[in-house]
Amino acid sequence: MTDLSKLTIATARDAMRKGELSSSELTAAYLKDIEGAGALNAFVHHTPELAAEQAKAADARIKAGDAPDMCGIPLGIKDLFCTKGVPSQAASGILNGFKPEYESTVTTQLFDAGAVMLGKLNMDEFAMGSSNETSVYGNAVNPWKAGNGEAELTPGGSSGGSAAAVAADLCLAATGTDTGGSIRQPAAFTGITGIKPTYGRVSRWGIVAFASSLDQAGPMTKDVRDAAIMLEAMCGHDPKDSTSADLAVPNFEAALTGDIKGKVIGIPKEYRMDGMPAEIEKLWSDGTAMLKDAGAEIKDINLPHTQYALPAYYVIAPAEASSNLARYDGVRFGHRAKLDQGDGITEMYEKTRAEGFGAEVQRRVMVGTYVLSAGFYDAYYNRARRVRTLIKQDFETVFADGVDAILTPATPSAAFELGAGLDPIQMYLNDVFTVTVNLAGLPGISVPAGLDANGLPLGLQLIGRPWEEADLLNTAYTLEQACGFVAKPNKWW
Amino acid sequence: MSIDTETARRVAKLARIKVEDDALPALAQEFSAILGFIEQLNEVDVDGVEPMTSVTPQRLKRREDVVTDGDQQDKVLANAPDAREGFFAVPKVVE
Chain D
1 MTDLSKLTIA
11 TARDAMRKGE
21 LSSSELTAAY
31 LKDIEGAGAL
41 NAFVHHTPEL
51 AAEQAKAADA
61 RIKAGDAPDM
71 CGIPLGIKDL
81 FCTKGVPSQA
91 ASGILNGFKP
101 EYESTVTTQL
111 FDAGAVMLGK
121 LNMDEFAMGS
131 SNETSVYGNA
141 VNPWKAGNGE
151 AELTPGGSSG
161 GSAAAVAADL
171 CLAATGTDTG
181 GSIRQPAAFT
191 GITGIKPTYG
201 RVSRWGIVAF
211 ASSLDQAGPM
221 TKDVRDAAIM
231 LEAMCGHDPK
241 DSTSADLAVP
251 NFEAALTGDI
261 KGKVIGIPKE
271 YRMDGMPAEI
281 EKLWSDGTAM
291 LKDAGAEIKD
301 INLPHTQYAL
311 PAYYVIAPAE
321 ASSNLARYDG
331 VRFGHRAKLD
341 QGDGITEMYE
351 KTRAEGFGAE
361 VQRRVMVGTY
371 VLSAGFYDAY
381 YNRARRVRTL
391 IKQDFETVFA
401 DGVDAILTPA
411 TPSAAFELGA
421 GLDPIQMYLN
431 DVFTVTVNLA
441 GLPGISVPAG
451 LDANGLPLGL
461 QLIGRPWEEA
471 DLLNTAYTLE
481 QACGFVAKPN
491 KWW
Chain B
494 MSIDTETARR
504 VAKLARIKVE
514 DDALPALAQE
524 FSAILGFIEQ
534 LNEVDVDGVE
544 PMTSVTPQRL
554 KRREDVVTDG
564 DQQDKVLANA
574 PDAREGFFAV
584 PKVVE
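Heads up: the protein sequence lines correspond to chains D and B, in order. So the first sequence is numbered by the working numbering: it starts at 1 and just counts up by one. So the second sequence is numbered by the working numbering: it starts at 494 and just counts up by one.
Excised from the complex, chain D in its bound form (with noise of 0.2 Å):
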């Protein structure tokens, strides 16, 4: 049998397609390595049936020919999105049992393309979290250990369960989506790549909804070139998503010539924390010089309101949330609180809401509330959209000046123990480096650059002009070969 452990999505593709591997041989083998990592808890609704069928039906397309790239490809599909009579619950109480009657438009293009569902990943409640310690279903763990550490590690959120399960070699790729940093985090967290299209690139109809204006969905892979392949079956224009965006989409896979000969690079000075662990400070470095060698043209740019992208985003983010979480109210699905003698519907609102969310998300929910509340609308919300406006010109600036794309590492520290007890706002410090790229709405990557002293992996972050994910995959291909990135988890689940 393969070792799923150095298999692709390109590696498998160009197997199946030559008669070597069937995707009914790799959807067993990856179906019976999940049964066995329960330790990990990535997996948390388990589809083998569907998976097996899937399987079958890639398995008779590909021998036909004329199968595309994701063909009989076994994914894990992050709990975020509808699946079609699959328990799809965001990781909350509150859609306890909800199976949608219908699929996302994500998941349908995948499974149109012939991808194989594996199950559904875990991840913080609604998306909010950046450790995967807020899920209804318990933590999701790293398969990373730090040193001869016994600790168990976060797999970084929100797409945690997504980032375990493809560091641990649970299925070949998985889909995220990040509103903040949850999929760029848990990526850098565990050593894989992880993209987060511009905004509108990939439909975000049938995803359950975090705050609106922010949330992407993406791929997260074992390599840029996956990413490539399955970055390419999600995006499109989509009339169910009226922000999505009416453009062709390039072969990104074409695009990786690893050639980024005369293309601009730039470094921000305003991501040069106070604090920064020295490793940090050297993987960075350490990259640019790469990214030299390779070609580019290194250049030291500004972005002058960095450090206000964090509180802008939380401003924004929870009143987005208060009102798409509105819809969660024990009516039409998910969870109803028992009601006692004479409750009326505003009691079965509230009872109903404080027990299917978590201390979170309800935090977040308040906090949207008040922001938008009569009196400090003007003073939080919109002077947060103000400042949304100016860090996006920072951004406009550095491009119009000739800037490609923008190196930044990933995260501030490599994942930290489940369990550490951070404040909420020591816990939002993880989304430093990536909150900006979502408030832009641009493009951003994190690819696996390196280890730091105790052997956990650390991620760099290259951010793209909009709708250039075909530039940036190529710029990250190019980072990706200089950094040679090889190390894996020890299995130890």
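Computed beta-carbon distance windows for the label pairs:
1) B/519 <-> D/258: 47 to 57 Å
2) B/532 <-> D/15: 52 to 62 Å
3) D/487 <-> B/559: 54 to 64 Å
4) D/346 <-> B/525: 25 to 35 Å
5) B/565 <-> D/421: 44 to 54 Å
6) D/377 <-> B/565: 31 to 41 Å
7) B/506 <-> D/258: 52 to 62 Å
8) B/541 <-> D/377: 12 to 22 Å
9) D/93 <-> B/568: 21 to 31 Å
10) B/566 <-> D/259: 56 to 66 Å
11) B/497 <-> D/84: 41 to 51 Å
12) D/32 <-> B/497: 51 to 61 Å
These are calculated hints, taken from the structure and not from any lab test. Note that CB positions come from ideal geometry on N, CA and C, so glycine has one too.
Fit chain B to the given chain D structure using the hints.
Using the frame of chain D, we list chain B on its own:
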């Protein structure tokens, strides 16, 4: 800005989330910490800056004003905690 217990109670009420009285002081403290963090935004000069409405400049697409969906009552009600005779059922609403 410091949030008092009464404000926390009012926000919880507006958000339709039941918070027990004894949990309100801690909640108020959390709000205060988060709002303190947000208040950095007051340092930014936003005079003459438009609040962002769309991150990518775009006009919403138009389509023919025709019915494209519907007639799926069973599916719409399939996940309801309480559905009766083709309707969502809720407790008595008395004002």
